[in-house]
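Note that the protein sequences, when read in sequence, are chains E and S. For the first sequence, the working numbering gives the first residue as 1, with consecutive numbering after it. For the second sequence, the working numbering gives the first residue as 1, with consecutive numbering after it.
No lab work stands behind these hints, which were simulated from the structure alone. Each hint should be verified, as a subset may be incorrect.
Unchecked claim - Calculated lysine-lysine pairs in the DSBU-like style (CA-CA distance at most 30 Å, straight line):
#1 S:Lys88 x S:Lys139
#2 S:Lys145 x E:Lys17
#3 S:Lys139 x E:Lys162
#4 E:Lys5 x S:Lys139
#5 E:Lys203 x S:Lys145
Listed below are the residues making up each chain.
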Amino acid sequence: MARFKQRDIISIRHFNKEELLYILDLSKHMEGYNHTDILKGKMLASLFFEPSTRTRLSFESAMNRLGGTVIGFAEPGASSTAKGESLSDSVKIIDGYCDIIVLRHYLEGSARLAADVAGVPVINAGDGANQHPTQTFLDLYTIRKTKGTLEGITVGFLGDLKYGRTVHSLAYALSHFSTEMYFISPSGLRMPKDCLEELRQRKVTCHETESLLGISKKLDVIYCTRIQKERFADPVEFEKVRGVYRLSKAQLEEMGTKDDLKILHPLPRVDEMDESLDGTDFAVYFHQARNGIPVRKALLASVLGAIE
Amino acid sequence: MKKRDVSATKDESVIGHVDNKLDVSAIKDGSVIDHIDSKSTLKVATILNIQDEERVVLVGMNLESKCLGKKGIIKIGGKIIDQKEVNKIALIAPNATVNIIKDYNVVKKFKVAVPETIEGIVKCFNPNCVSNHHNLEPKLHVLNKNPIRLQCHYCERVMDSNDFVLT
Ligand SMILES: Nc1ncnc2c1ncn2[C@@H]1O[C@H](COP(=O)(O)OP(=O)(O)OP(=O)(O)O)[C@@H](O)[C@H]1O
Ligand SMILES: [Mg+2]
Ligand SMILES: [Zn+2]
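Use the sequences and the hints to build the structure in full.
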């Protein structure tokens, strides 16, 4: 049995296949307006040392919809860290005010540190470039919901694969499901070597290419990420790749795709997906963002022991 | 354990020849850490907090060794060092041997072993890791002992011997 009660949610690596599926099944159960009082009397401390509108609001919304309450802050200026208090001191104190902590912090490993010092469970809502496990749960949930299965599908990861933590975590999670993976990126933004090595060790068939040309018809899912201008020393280089990694309806029609291709994006997008895609059946990114609610409801309910 | 002719090494003030090689003085009871990669000797001494010892401590460097070329050696009089304590040095002196001496004889001998978790000796190489801020003691999990691969307890980064930094 998957056990989640009082467990910290720090890294997607800590969950085996059975546990991933348990949360996905529970998320399905959490769609819509139900279970409205199972977290009555429980309090969430939402500690955002780095701003994030969607993650923070979807956690707070999920908690409220299950009947719980929320305290916290949305930027470090509002916390006592601004007065020089250490993260572990802050967490030790807040630990006494709540039943569960959701933490977003710019330093990598901060969620692990918080979990080590807190008595209540800690959910990592993003620690620097390291992990953002609830995003991965919702990405998996979206893929399974729109494709019907996670087993044996072919997924293309497109864009900035070097710095995109959502890509690293999702690829790792999908490695439980015999997924074939294409990594499509400019040469300077390729998937890190150790990530690829780890995937290959886990028996994933991995391919690396620089464009969708020639492989577009093989893909069941495209997971698109933003290419940030700051990553390029030379702005001319940026302008060159920007067009290549910009998806549009016309471009996909020209290259040819599976009819039931689905395109995901962790959002916010800048211009890597043309608005012409928004109305198509391919586009599931807005839907994906909405899935943050049932997935976070499922995690909160199971960690707080409201559901067995 | 084998018996030795201790007459040549008994006098602690002289440098004696043991097994036909130049060695530092003999001790009656205590511990000898042998086969230290010579360049790491002082680092090992620091990790074992030898500067705080009040007992006799002898440190030798650049001694001849068949297997290491040049080796270092540390002898601590009157102290029986335990395996756990000495494992702390395994990362920088992987070939080290510990000899427990009783009445001038080696009564116990063991090799150092890399522990499962390493606390406080090596730093995570990731500048953005929480362990490099907030005055935390670094903590790394050993994924593989030979070749050495460590994973930061906090930021999950994996590093090999080229990446990690001694504190
Ligand atoms: N009484 C002593 N005082 C100080 N050092 C000693 C004493 N007895 C042995 N040693 C040192 O301890 C180490 C191990 O001694 P041992 O007699 O086992 O030598 P060895 O056979 O060369 O061992 P190894 O195979 O580990 O190299 C040597 O470096 C030796 O000089
Ligand atoms: Mg010898
Ligand atoms: Zn680290």
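For which of the previously enumerated hints does the structure constitute a violation, in increasing order of number?
-> none
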